[in-house]
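**Student:** These protein sequence lines map, in sequence, to chains A and B.
Counted the way this note's numbering counts, the first sequence spans residues 1 to 124.
Counted the way this note's numbering counts, the second sequence spans residues 1 to 341.
No wet-lab data here; the hints were simulated from the structure.
Where hints are given, some of them may not hold.
Claimed, not checked - In silico contact screen, one side only, chain B against chain A (beta carbon under 10 Å); selected entries: (1) 39; (2) 57; (3) 148; (4) 163; (5) 226; (6) 235; (7) 250.
Yeah, the Cβ is synthetic: ideal placement off N, Cα and C, and Gly gets one too.
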Amino acid sequence: MYNGGKIITGLVIFVLLVTIPVWYNRGTTARSAPELVMPTNAKSCVLPAEEMRAKHMQLLNVWRDEVVRTGDTTSIVVEGKAYPKSLQLNCMECHTSKVNFCDKCHDYSSVTPYCWDCHIAPVE
Amino acid sequence: MKYAFPLAAVLALILIALIGVQIPGMQYLFGVVVPYLAVALFLGGFCYRVYHWGKSPVPFKIPTTCGQQYSLPWIKQDKLEAPNNTSQVVARMVLEVLLFRSLWRNTKATVYDGPKLTYESSKWLWLFGIVFHYSFLVIIIRHLRLFLEPVPACVAWLETIDSLLQIGAPLMYITDVTIVLALLFLFLRRLSNPQVRYLSLANDYFPLFLLLAIVSTGILMRFFLRTNVDIEAIKQLALGLVTFHPTIVADISSLFYVHLFLVCVLLAYFPFSKLMHMGGVFLSPTRNMANDSRMRRHINPWNPPIKPHSYASYEDEFREDMVEQGIPVEKELAPQPGETA
Numbered sequence: 001m002y003n004g005g006k007i008i009t010g011l012v013i014f015v016l017l018v019t020i021p022v023w024y025n026r027g028t029t030a031r032s033a034p035e036l037v038m039p040t041n042a043k044s045c046v047l048p049a050e051e052m053r054a055k056h057m058q059l060l061n062v063w064r065d066e067v068v069r070t071g072d073t074t075s076i077v078v079e080g081k082a083y084p085k086s087l088q089l090n091c092m093e094c095h096t097s098k099v100n101f102c103d104k105c106h107d108y109s110s111v112t113p114y115c116w117d118c119h120i121a122p123v124e
Numbered sequence: 001m002k003y004a005f006p007l008a009a010v011l012a013l014i015l016i017a018l019i020g021v022q023i024p025g026m027q028y029l030f031g032v033v034v035p036y037l038a039v040a041l042f043l044g045g046f047c048y049r050v051y052h053w054g055k056s057p058v059p060f061k062i063p064t065t066c067g068q069q070y071s072l073p074w075i076k077q078d079k080l081e082a083p084n085n086t087s088q089v090v091a092r093m094v095l096e097v098l099l100f101r102s103l104w105r106n107t108k109a110t111v112y113d114g115p116k117l118t119y120e121s122s123k124w125l126w127l128f129g130i131v132f133h134y135s136f137l138v139i140i141i142r143h144l145r146l147f148l149e150p151v152p153a154c155v156a157w158l159e160t161i162d163s164l165l166q167i168g169a170p171l172m173y174i175t176d177v178t179i180v181l182a183l184l185f186l187f188l189r190r191l192s193n194p195q196v197r198y199l200s201l202a203n204d205y206f207p208l209f210l211l212l213a214i215v216s217t218g219i220l221m222r223f224f225l226r227t228n229v230d231i232e233a234i235k236q237l238a239l240g241l242v243t244f245h246p247t248i249v250a251d252i253s254s255l256f257y258v259h260l261f262l263v264c265v266l267l268a269y270f271p272f273s274k275l276m277h278m279g280g281v282f283l284s285p286t287r288n289m290a291n292d293s294r295m296r297r298h299i300n301p302w303n304p305p306i307k308p309h310s311y312a313s314y315e316d317e318f319r320e321d322m323v324e325q326g327i328p329v330e331k332e333l334a335p336q337p338g339e340t341a
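Isolated chain A, as found in the complex:
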């Protein structure tokens, strides 16, 4: 092999870079998803849990646009119950804790929503 030292060094660096996840997480096996603290004062949300899981950010974004940008503050009615289009007056009435609800999944998958650029997070 010609210039073997340099080439093997380069290959070792390459393999180490590609396998970063393996040695970064080494020795850890328990990888359960974050446990959420569910609300006790309500049984249902504005959408089924599965849809909320997938689309809550889009829903909140639409609400934000409607309320803040077009001034449409009408409530949405689900199964005869009116819900205001509001993060703090609606969502956080039941999901009272940001730390024990929002942040659990967001931290796990490194999502940093900018809700709290404007909203004041509850003191916990």
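Dock chain B against the given chain A, drawing on the hints supplied.
**Tutor:** Just chain B now, with coordinates in the frame of chain A:
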């Protein structure tokens, strides 16, 4: 129509994953077995190709120079274009790898009536090439959030910067837009430029289609078809894979499996394809050699071991025959005992 076969191949791969994952129990194959195989092929194949290249002799000193070489003291040397020592070569290589300097020199030849041939600078290939490569790099680093727990701050920062425009929800990534634009340009360039179209083969189109399909499924998953794309379950699967305790915890959308399968195909295909320019750029003799052939002798490693054979030793070997044939010799035969009276 050289793009028809690769396009069909990518569509077939999408269908394989889309249909295959519907079969009960096949999630394990597509989510665990195939990724492990693909990464093993990628790393093994990559190292083998580089090792194979490393074993190949370089018979001649062949750096491509495009500037004034090292010469007399009052002639200014172009140190990047005609490097004559290791540090200059390193500087040249770093700029080539990070900034694609050789593509910067790309020209476009056009024939006008007359006939008149003109060459003009054409930086589009450089621009979209570099946009594609850096977008892809950012996207790969961003994906580390699914493989690392806890997520390192630098990955989170990169994600913040990439979604700085704060468009939509989930936030749009700048690199998602740029990589699609760059891939489309690189594909349309192959179609619209007659010379490049003539040169393009199936193995030029296939990676483009494959990457476009990977990028499209990723964008669809993030912004449009979010049902069952459960990021927690996906992260658990990814962490399970890299800690060698793979589990599939929930029903994940088949779109995710298509995305994953296409990435696996890309990884497995990588070492056998032109994509190996990732490793090959470091091993190109025209770039990584110093232009010092007038200062240092480059020994061709192919040279067989030829021992020097001087005339004196030649005559020593054949003197008797030469004398017998009447060929003049510099040194006469030693007198035989008994011949002299």
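**Student:** So, for every hint listed, does it hold in this structure?
**Tutor:** Tested hints:
For residue 39 of chain B, the interface hint holds, the least distance from its beta-carbon to any beta-carbon of chain A being 8 Å, beneath 10 Å. A distance limit of 10 Å between C-beta atoms decides the matter here; for residue 57 of chain B the minimum to chain A is near 6 Å, and the interface restraint holds. Given the 10 Å rule on beta carbons, the hint for residue 148 of chain B holds: about 5 Å separates it from the nearest Cβ of chain A. With a cut of 10 Å, the hint placing residue 163 of chain B at the interface with chain A holds, because the nearest CB-to-CB distance is about 9 Å.
Annotation: residue 226 of chain B was flagged as interfacial toward chain A, and the flag holds, the nearest CB pair being 4 Å apart, inside 10 Å. Below 10 Å, beta-carbon pairs count as interface contacts, and residue 235 of chain B has one with chain A at about 6 Å; its hint therefore holds. Given the 10 Å rule on beta carbons, the hint for residue 250 of chain B holds: about 9 Å separates it from the nearest Cβ of chain A.
In summary, this structure violates none of the numbered hints.
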